[in-house]
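*Asks:* Okay, here's what each chain looks like letter by letter:
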Amino acid sequence: MDTVSWDYWAEIGQGFVGAVLLLATGDPETWVIIRQSLFISVSATLASMVFGVPIGAWLAFVRFPGRAVLLAICNTGFGLPPVVVGLILSILLLRHGPLGYLNLRFTPYAMMIGQFILSLPIVIGLTVVALQQLNPKLRLQIKALGASRWQTLWLLGREIRLPLLVAYMAGFGAVVSEVGASQMLGGNLPGSTRVLTTAIVMETGMGHYDRAMAYGIVLLLLVALVVGLLTWAQRSDGRQ
Amino acid sequence: MKHTVLQACGISVLREGRVALQPTDFAVHAGETVGIYGPNGAGKSTLVLALAGLLPLASGTITVGGRVLGQELTSLKYHRRIAAVFQDPLLLRGTVAHNVGLGLALRGVSRTTRQARIESTLKLLRIAHLANRSVATLSGGEAQRTSLARALVLDPEILFLDEPFATLDQPTRRRLVHELAELLHERPMATVLVTHDLTEAIALCDRCAILDGGAILQEGLPKQVLEQPLTQRVAEIVGSEGIWDAPGRQR
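Chains as they are written, first to last, in this note's numbering: chain A, 1 to 240; chain B, 1001 to 1251.
It is worth saying that the hints were derived from the structure and are not from the lab.
Don't take every hint at face value.
Below, simulated EDC-like cross-link-like pairs (lysine to aspartate or glutamate); rule was C-alpha separation at most 20 Å, straight line [unchecked claim]:
no.	chain 1	residue 1	chain 2	residue 2
1	A	Lys-137	B	Asp-1088
2	B	Lys-1223	B	Glu-1032
3	A	Lys-143	B	Asp-1088
4	A	Lys-143	B	Glu-1157
5	A	Lys-143	B	Asp-1197
6	B	Lys-1223	B	Asp-1197
7	B	Lys-1077	B	Asp-1155
8	B	Lys-1223	B	Glu-1236
Next up, chain A with everything else stripped away, as it sits in the complex (with noise of 0.2 Å):
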């Protein structure tokens, strides 16, 4: 087997030391990245939780023919494959499409659009879920109480805050780490639709290390930021 040279790990090495360079000298262009990164996909996944956690609710509670289609459809939506997404929405945004008027392809609002809806499904779920697992009769206390409908959704959503807030970190983490559909949707673009995904893409396949493991690093770190948010509520909450 053939040893790996000095040569590589040299450069592999000297990639790290200029990611960090990057990062600590605040270099313009990362930061752009970063900052178009976190807008959207905090953007899509927050429009996922104010849509997602009503239509939860209304599944989770309410009986009506093909309820079981609906949850099996989001049931699937948990392995939507970023790809075929960004496909469909492209297809669909294309400017003789359906939806060209709209002016979005290449455009950080089409991006927002696939992430919305790649996040949805797993807002839902995870929602119904949550709402399954409390007493049943929960909900027809609230309503004894005096609770109106938002007033009860309101007060059943304080009750399942806790895996709304995974809900909410498992759709963020869904879609700042895929690259198939903010690929095909944003294009890339410098200081537009260029997010820390594409961004990798490009820059492993130009050969600039330093940058893709400065945007690696960038990525690592908010996924800890994920995970230890979720585990400093868990046990707040596990306090209370």
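Mind docking chain B on chain A? Use the hints.
*Replies:* For chain B alone, kept in the frame of chain A given last:
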């Protein structure tokens, strides 16, 4: 005669395709406490949940103060005139005071008024010292007192109690039944109490309905139902077989 606050006519309930409550007539008059007594699976909770407007009806109507529920009276407006306590305390996250004040907050009662009413109700239920305690740290009896306080603070027109003491130990249960009897005596509200404890029914109720198989078999004064069961099934349910059918059963 006292006026009728709630009148149910021919109400029935289906649960998962099964008849849980057969077409039933039921009335609650101002200031009275009506007991619903019966064996497990008789449909007691279904009846009380239906009367409280918490279950969809398969047939029949419920009239509250002369207005038909769901037509002339929305369920939200109805729920803001009643209160319910279930077998489980069903408290929400937060402190005892937060839980007790929840119904008032949902009705938009001001913070100052809310605070005063919470304090007086906590004193009434002898749990003022628990006001700032998290509900997660309460004992079963304390949690059920909190649940009762959460209902009584609303000063409801009708109070629905669905076996509120079933999960408590005997001494706590006896004490709470005694205290509740005093509270119900002092307040003008109508009360519907589901119980499978005859002593509880006798201690608390002015009138009693015996339920079995989703149908009311007999209604009357608790003493009357106990001493003069109309059918053998009622006698079996209230445990007065000896009174009903002496020769073969006397020991």
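*Asks:* None of the hints should be skipped; say for each whether it holds.
*Replies:* Hints and how they fare:
1. A/Lys-137 with B/Asp-1088: holds, 9 Å
2. B/Lys-1223 with B/Glu-1032: Given pair B/Lys-1223, B/Glu-1032 holds - Cα atoms ~16 Å apart, limit 20 Å.
3. A/Lys-143 with B/Asp-1088: holds, 15 Å
4. A/Lys-143 with B/Glu-1157: Holds - the C-alpha atoms of B/Glu-1157 and A/Lys-143 are around 16 Å apart, at most 20 Å.
5. A/Lys-143 with B/Asp-1197: Cα-Cα ~27 Å, so violated.
6. B/Lys-1223 with B/Asp-1197: Holds, because 14 Å separates the two Cα atoms, which is no more than 20 Å.
7. B/Lys-1077 with B/Asp-1155: holds, 15 Å
8. B/Lys-1223 with B/Glu-1236: Judged against 20 Å, a Cα distance of about 15 Å means the pair holds.
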